[in-house]
Amino acid sequence: MKILICISNVPDTTTKIKFTNNNTSFDKAGVQWIINPWDELALTRALDLKDAQQGIENVTVMNVGLIDADPTIRKALAIGADKAIRINAEPQDAYQVAFQLAEAIKKDAYDIILCGIESSDYNGASVGSMLAEMLNMPSVSAISFMNINAGKIELKREIDGGQESIEIDTPFVGIVQKGIAKDARIPNMRGIMMAKTKPLQVLEPLAVETLTTYESFGLPKPKAACKKISPDNVKELVHLLHNEAKLI
Amino acid sequence: MSVLVYTENWDGKFKKLSFELVSYAFEIAKKINTSVVCVSIGNVENEELNKLATYGASKVLNVVDDKLKNLDVNAYKEVIAQAVVKEAANVVFAHNNYGKAIAPRVSVKLKAGLATAVLALPESVEPFKITKKAFTSNALANVIIKTPVKILTLLQNSYGVFENAVNGTVENFSPDLCNVCVKTNVKEVNKVTGKILLTDAEIVVSGGRGMKGPENWAGIEELASLLGAATACSRPVSDEGWRPHGEHTGQTGKIIAPNLYFALGISGAIQHLGGVSGSKCIVAINKDPDAPIFEAADYGIVGDVMKVLPEIIEAVKEIKAR
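Just so you know, the sequences run in chain order A and B.
Numbered continuously in this note's numbering, the first sequence closes out at residue 937.
Numbered continuously in this note's numbering, the second sequence closes out at residue 594.
Hints listed in this document are in silico derivations from the structure and should not be mistaken for laboratory results.
Accuracy of the hints is not assured; some may be wrong.
Below, in silico cross-link-like pairs of lysine to any residue (SDA-like), each with a Cα-Cα straight-line distance of 20 angstroms or less [what the hints assert, rightly or not]:
| id | chain 1 | residue 1 | chain 2 | residue 2 |
| --- | --- | --- | --- | --- |
| 1 | B | 383 | A | 792 |
| 2 | A | 871 | B | 340 |
| 3 | B | 341 | A | 935 |
| 4 | B | 288 | B | 393 |
| 5 | B | 418 | A | 717 |
| 6 | A | 887 | A | 779 |
| 7 | B | 339 | A | 935 |
| 8 | B | 341 | B | 497 |
| 9 | B | 341 | B | 317 |
| 10 | B | 579 | B | 552 |
| 11 | B | 401 | A | 772 |
| 12 | A | 717 | B | 341 |
| 13 | A | 910 | B | 494 |
| 14 | A | 924 | B | 302 |
| 15 | A | 841 | A | 800 |
| 16 | A | 772 | A | 798 |
| 17 | B | 341 | B | 360 |
| 18 | A | 910 | B | 288 |
| 19 | A | 912 | B | 314 |
| 20 | B | 288 | B | 513 |
| 21 | A | 935 | B | 497 |
| 22 | B | 341 | A | 800 |
| 23 | B | 459 | A | 836 |
| 24 | A | 841 | B | 459 |
| 25 | B | 455 | A | 935 |
| 26 | A | 924 | B | 383 |
| 27 | B | 459 | A | 792 |
What the simulated footprint calls covered on chain B by chain A, stretch by stretch (three residues with Cβ under 8 angstroms from a Cβ of chain A suffice, anywhere in the stretch; the number is not a length) [unchecked claim]:
| id | stretch |
| --- | --- |
| 28 | 303-309 |
| 29 | 323-330 |
| 30 | 335-348 |
| 31 | 356-364 |
| 32 | 429-439 |
| 33 | 478-492 |
| 34 | 506-518 |
These numbers come from a predicted model, not from an experiment.
From the three backbone atoms N, C-alpha and C, an ideal C-beta is built for every residue, glycine too.
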């Protein structure tokens, strides 16, 4: 069985977000880049299943990005992915990214394609499902558990107020969320050395239109200062919530 | 072109967010001189279907089909896509696990531009320009949808529920699902009913590591029950197994936007705030005066949550007894 994980190269989640060029582009100066957290959890689960000898021969990661994404892709290899493919295009919108991924995926036969539920930069939460539609594959969203049992894929997905247990045949696109793996793997020295010799294939993109344009960015309005109440006067808090905020 | 809304139900009752979506779609429809059509999937009583007109739905397409018993994203996409073609419509979904799963497939199928996690009415309709959440609520992005058909997913509780009574009709709609093969084989459903959904709750009481252990959650449960609130927790709490994963709110957990959020013993790491900063009012109780949660909070008490929480409960009881 072959698993593909689509990974996004995103600013570290503690980055102070700033914009440049008259608020039309994200200011990359001084930013640390990481594997999108949900994609990293998907990769971790795939590698855990491979290590548990559940019939997975190969774990590939795929990214749509320019050469500056390579360090993040190498990190995925250092964690344990066998192979990486980068489609050499600047991500512009979810449709364009999904299209590039779909065309590259068609060149090879993957049994399971995993995507994180969203990326922490543009919060599109779209690429995984778009990809499934382009590939005409079933998709399952909000997966918080995945196992392979005698060749059968067992999933759990989060629904309102609980979970559903699902079985599905390959190939399919799985869109994963928190719970799929507990902690992401940390690359060790051996992994980092091995990553240098693992294949990182670069494909040129195909021409495609975007359906949306990111015109400009802004920062949320700063919040008013917190009204502090003395711990000796807890009643005051409840009265404020009742009389001033009128929320209880 | 009308505005189509996928109105979700939970056990046969529309979620609060469905009424919000209709209220929101009604305003967009006004801007483009058209009306709102809803799609309801699954068994919902007529009385419940009629409620949608109160919020501005002129028509409800009622879809009941065995193939749609569970969420098979491909099948649900077919239903919505066929409704869009029938009604020549734009579409509004909720930005939740359903909308996020279905909307992108509809977008590709119809080659219609999609803007997700939008949080206000469009700034203009020609060109169609709208503001969405970006960088996990640390920024906003203005997006232009370039295609004739527009698809949106609206962040919950970002608009509100408003009454716009219109004359509404309900019609049965039977999309052609002959060629749809349901691939999602649901073996078991494990869910609580009768409890307030965390994502639908107006008030949420949430505990962090400052609560010290699962044995101290009785106070949180009590306050929640007094206020008709849902309970939640921070990431370390669910990672430790003190509370179920479904209660984890934060960037990687559930994103919620209640009217009132109690952060009890939660320090407020940026990842936690990413999941709750949409709340209209945040109350923080923490013994560390420098905890980042106070930056995001509207009201705060610097103190020991173990001592403060019982006093809050007493004060709420007094107010409720009046």
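Consistency of the hints with the structure:
Between residue 383 of chain B and residue 792 of chain A the CA atoms are separated by roughly 17 angstroms; this keeps the pair inside 20 angstroms, and the hint holds. A threshold of 20 angstroms between alpha carbons decides the hint, and for residue 871 of chain A with residue 340 of chain B the separation of about 32 angstroms lies outside it, so the pair is violated. Restraint check for residue 341 of chain B and residue 935 of chain A: the C-alpha separation of about 40 angstroms exceeds 20 angstroms, so the hint is violated. Annotation: proposed proximity of residue 288 of chain B to residue 393 of chain B holds, straight-line Cα distance about 19 angstroms (limit 20 angstroms).
Simply put, residue 418 of chain B and residue 717 of chain A have alpha-carbon atoms about 27 angstroms apart, too far for the 20 angstroms limit, and the pair is violated. For the given pair, residue 887 of chain A sits about 23 angstroms from residue 779 of chain A by alpha-carbon distance, which is inconsistent with the 20 angstroms threshold. Distance check on the hinted pair: residue 339 of chain B and residue 935 of chain A sit about 45 angstroms apart at the alpha-carbon level, beyond 20 angstroms; violated. Simply put, residue 341 of chain B and residue 497 of chain B have alpha-carbon atoms about 32 angstroms apart, too far for the 20 angstroms limit, and the pair is violated.
Among the hinted pairs, residue 341 of chain B with residue 317 of chain B is consistent with the structure: their alpha-carbon atoms are about 16 angstroms apart, no more than 20 angstroms. The suggested pairing of residue 579 of chain B with residue 552 of chain B is violated, with an alpha-carbon distance near 26 angstroms, which exceeds 20 angstroms. This hinted pair does not check out: residue 401 of chain B and residue 772 of chain A have alpha carbons roughly 40 angstroms apart, beyond 20 angstroms. Between residue 717 of chain A and residue 341 of chain B the CA atoms are separated by roughly 46 angstroms; this puts the pair beyond 20 angstroms, and the hint is violated.
Taking the CA atoms of residue 910 of chain A and residue 494 of chain B, the gap is about 34 angstroms. The hint is violated against a cut of 20 angstroms. Distance hint between residue 924 of chain A and residue 302 of chain B is unfulfilled; the C-alpha atoms sit about 45 angstroms from each other, more than 20 angstroms. Pair hint residue 841 of chain A plus residue 800 of chain A holds up; C-alpha atoms about 12 angstroms apart against a cutoff of 20 angstroms. For a cut-off of 20 angstroms, the pair hint linking residue 772 of chain A to residue 798 of chain A stands: about 14 angstroms separates their Cα positions.
Of the supplied pair hints, the one linking residue 341 of chain B and residue 360 of chain B is violated, its CA atoms being roughly 26 angstroms apart against a limit of 20 angstroms. Using a Cα cut-off of 20 angstroms, the hinted pair residue 910 of chain A and residue 288 of chain B is violated, with the two alpha carbons roughly 27 angstroms apart. A threshold of 20 angstroms between alpha carbons decides the hint, and for residue 912 of chain A with residue 314 of chain B the separation of about 41 angstroms lies outside it, so the pair is violated. Annotation: proposed proximity of residue 288 of chain B to residue 513 of chain B is violated, straight-line Cα distance about 30 angstroms (limit 20 angstroms).
A threshold of 20 angstroms between alpha carbons decides the hint, and for residue 935 of chain A with residue 497 of chain B the separation of about 18 angstroms falls inside it, so the pair holds. Between residue 341 of chain B and residue 800 of chain A, the direct Cα distance comes to roughly 26 angstroms. Violation of the 20 angstroms bound is thereby established for this hinted pair. For the given pair, residue 459 of chain B sits about 14 angstroms from residue 836 of chain A by alpha-carbon distance, which is consistent with the 20 angstroms threshold. Between residue 841 of chain A and residue 459 of chain B the alpha-carbon distance is near 13 angstroms, which keeps this suggested pair within the 20 angstroms criterion.
Restraint check: the Cα-Cα separation between residue 455 of chain B and residue 935 of chain A comes to about 48 angstroms, which exceeds 20 angstroms; the hinted pair is violated. At roughly 56 angstroms between alpha-carbon atoms, residue 924 of chain A and residue 383 of chain B are farther apart than 20 angstroms, so this suggested pair is violated. Distance hint between residue 459 of chain B and residue 792 of chain A is unfulfilled; the C-alpha atoms sit about 33 angstroms from each other, more than 20 angstroms. With a cut-off of 8 angstroms between beta carbons, the stretch 303-309 of chain B has 0 residues touching chain A; three or more are needed, and the interface restraint is violated.
With 0 residues having a beta carbon nearer than 8 angstroms to a beta carbon of chain A, the stretch 323-330 of chain B misses the requirement of three or more and the stated coverage is violated. A count of 5 residues in the stretch 335-348 of chain B with a Cβ less than 8 angstroms from any Cβ of chain A is obtained; the coverage claim is therefore met, three being the minimum. With 0 residues bearing a CB less than 8 angstroms from a CB of chain A, the stretch 356-364 of chain B misses the requirement of three and the coverage assertion fails. Check on the stretch 429-439 of chain B: 0 of its residues sit with their Cβ under 8 angstroms from a Cβ of chain A, so the three-residue criterion for coverage is violated.
Coverage of the stretch 478-492 of chain B by chain A is violated. Counting CB-CB distances below 8 angstroms, 0 residues qualify, and the rule asks for three or more. Requiring three or more residues with a Cβ within less than 8 angstroms of a Cβ of chain A, the coverage given for the stretch 506-518 of chain B holds, as 3 such residues are present.
In the structure shown, a violation is registered for the earlier hints numbered 2, 3, 5, 6, 7, 8, 10, 11, 12, 13, 14, 17, 18, 19, 20, 22, 25, 26, 27, 28, 29, 31, 32 and 33, in ascending order.
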